[in-house]
Each structure stands twice: as structure tokens, then as C-alpha cells.
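These protein sequences, in sequence, are chains E and B.
Okay, so the first sequence: first residue is 1 according to our numbering, each after it adds one.
Okay, so the second sequence: first residue is 1 according to our numbering, each after it adds one.
To be clear, the hints were calculated from the coordinates, so they are not data collected in a lab.
Remember, predicted model here, so these are calculated numbers, not experimental data.
Worth double-checking, as some hints may not be accurate.
Which copy is meant is left open, because identical chains are indistinguishable; a pair holds if it fits in one copy or across any two.
To be verified - Below, simulated EDC-like cross-link-like pairs (lysine to aspartate or glutamate); rule was C-alpha separation at most 16 Å, straight line:
| no. | residue 1 | residue 2 |
| --- | --- | --- |
| 1 | 4 | 60 |
| 2 | 64 | 39 |
| 3 | 14 | 114 |
2 protein chains.
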Amino acid sequence: MTLKAIGIVRNEIKQPARRDWGETVSEIVIDPGLTEALDGLEDFSHIIVLYWMHQVISREVPLKIHPMGRQELPLVGLFAARTPNRPNRIGKATVRLLQRQGNILMVRGLDALDGSPVIDIKPYLPGYDSATDATVPQWITNQ
Amino acid sequence: MTLKAIGIVRNEIKQPARRDWGETVSEIVIDPGLTEALDGLEDFSHIIVLYWMHQVISREVPLKIHPMGRQELPLVGLFAARTPNRPNRIGKATVRLLQRQGNILMVRGLDALDGSPVIDIKPYLPGYDSATDATVPQWITNQ
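Chain E on its own, in the form it takes in the complex:
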């Protein structure tokens, strides 16, 4: 299973850092040969972006971690957290699509660093992609 980049993230965030990504505006520059494949995406308010977390340089993938490196949070399995250091370093973000111009998507809330390869873009479908009755453990709600 080999991935090819379909585009790249462009924003001001050059280095990994804990930050509030909610207001970060990014451009997703899609391969011009795929421009037509974006047609109709502008009719959705939100999109799902799959991207490659290329700046994770650790070779080791610890099976259990303290989320966000915070020792006061419980030691949980990596699949119970959103740590970027995973067996397959794919990030998944639901973001607002501000604008599409040709092969360029302007989005808000994408927590990807500048230069991240983009792997897939999907339209966000309420109901299918959301779970209204979802519950999470206390360490998430107490954060």
C-alpha cells in the first residue's frame, strides 16, 4: 500500500508546537492535474483532510503514551490518543472550507504543518461523519 501526495499544505506553521489550530488558515494546493476532481467541493461547508504527518521524525512508536506528553494525563494506548507518532502517520482533520479557487482550497482549522503532503480530500457528511451521542473518557473532558 503506497500513497502518492495529491497536494501540499501551505501555512505559517513551520514547526511542531502545541497550539490552538482552530483559527489557523491554510491553503491546500492540489496537483493541477487533479483540479477537475475538486469540482462541486465548494458546495460543502466542511471537508475532511487526510494528510501525512511528515515532521514526525521518531523511529520508535511507543505503544502507550501520556497524551500530549502531559504526565498528569493517564498512560493510554496510542490508538486511544491522537498522537502523531503512529504506525501510519496519517492525520485526519475536519475543517471549514472557506474558498476554492481552481486547484487551491483555503481552509480554517487544519492542524497540519506547512509542507505536509495531502493524501485525500473528502466531503464532510453530517450524520455519516458525526456521532451525536458520542461519549469520551473523563481525561478528555477534564482537559
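Based on the hints, put chain B in the right spot on chain E.
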């Protein structure tokens, strides 16, 4: 960018078909060497599953399609639809986690065929993964 399977989907669905996947129960059998990495996942009601749509055999990836092959739906770019025939054939599903037993996750609503390689498991985080004010084009709501 090369992916390794972290597990495999097991269910009764052997062939691609248009169906209502909402009630389909599947087992996700994770590599036993990664069992510990699932610890704490059982405290979430829903999880996000990334999987490889291995039964897409077409070599050609049309840039524009009628969603679900339905000619009455508008011709849209592949990135404006959830068609499995994409540059990178990764499926993304939000599913209910019914049970975790060791390295086996029992889930409801996973729209993956039996034998699909699993690439990643992430906890579903309401707010981060959902968008309460999302809007979609009319061809989606009219379906």
C-alpha cells in the same frame, strides 16, 4: 509514504454492494503485537477507522463521476464524493465501538468489506471531529 496494515476487518460482507451499513457488525482484528496500543480505547463510545479499500480493482481513476453510479445525480469531482475509486484508496468511517476484547474490536456501522486492511484507529472526539453547522449541497439532502 508506505502504509503497513495494523489489522484486518472481519465481517459477512464479501463483495462490494450498495447497502445500508448502519447495522453491520464487524470485528477489527488488530496485530497482536499492538494489543497494548488499544488500551483505553474502550472508554470511547465511537472510533474512527481508516482502512484500505482493497477490492477497488479499477486502474483508472476518473476525475469526475456520478456519485454511487447514479446518473440522475450531478457529475462532480471525485473529491466531492465518497467514491472508493480515489488516488489513495483510504476509507474513513466513524463507528460505534461495541466491545474491545484484547486485540479485537467489535464495531457497528463500518462500511468496509471483509478482509480490508486497517491502517489506523483513532478515538472520535466530538467537536474536533464533528461540525455542528455543516451544510451540504442539495443533491446530498435530496438523496
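Cross-check of the supplied hints:
Taking the shortest Cα distances, residue 4 and residue 60 sit within 16 Å of each other only across copies (15 Å), while inside one copy they are farther apart (24 Å). Taking identical chains as interchangeable, the C-alpha atoms of residue 64 and residue 39 lie at most 16 Å apart only when they sit on different chains, with a minimum of 8 Å there against 42 Å within one chain. Taking the shortest alpha-carbon separations for residue 14 and residue 114, only the intra-copy value of 5 Å comes in at or below 16 Å, while the best inter-copy value is 40 Å.
Consistency with the previously given hints is maintained throughout, with no hint failing.
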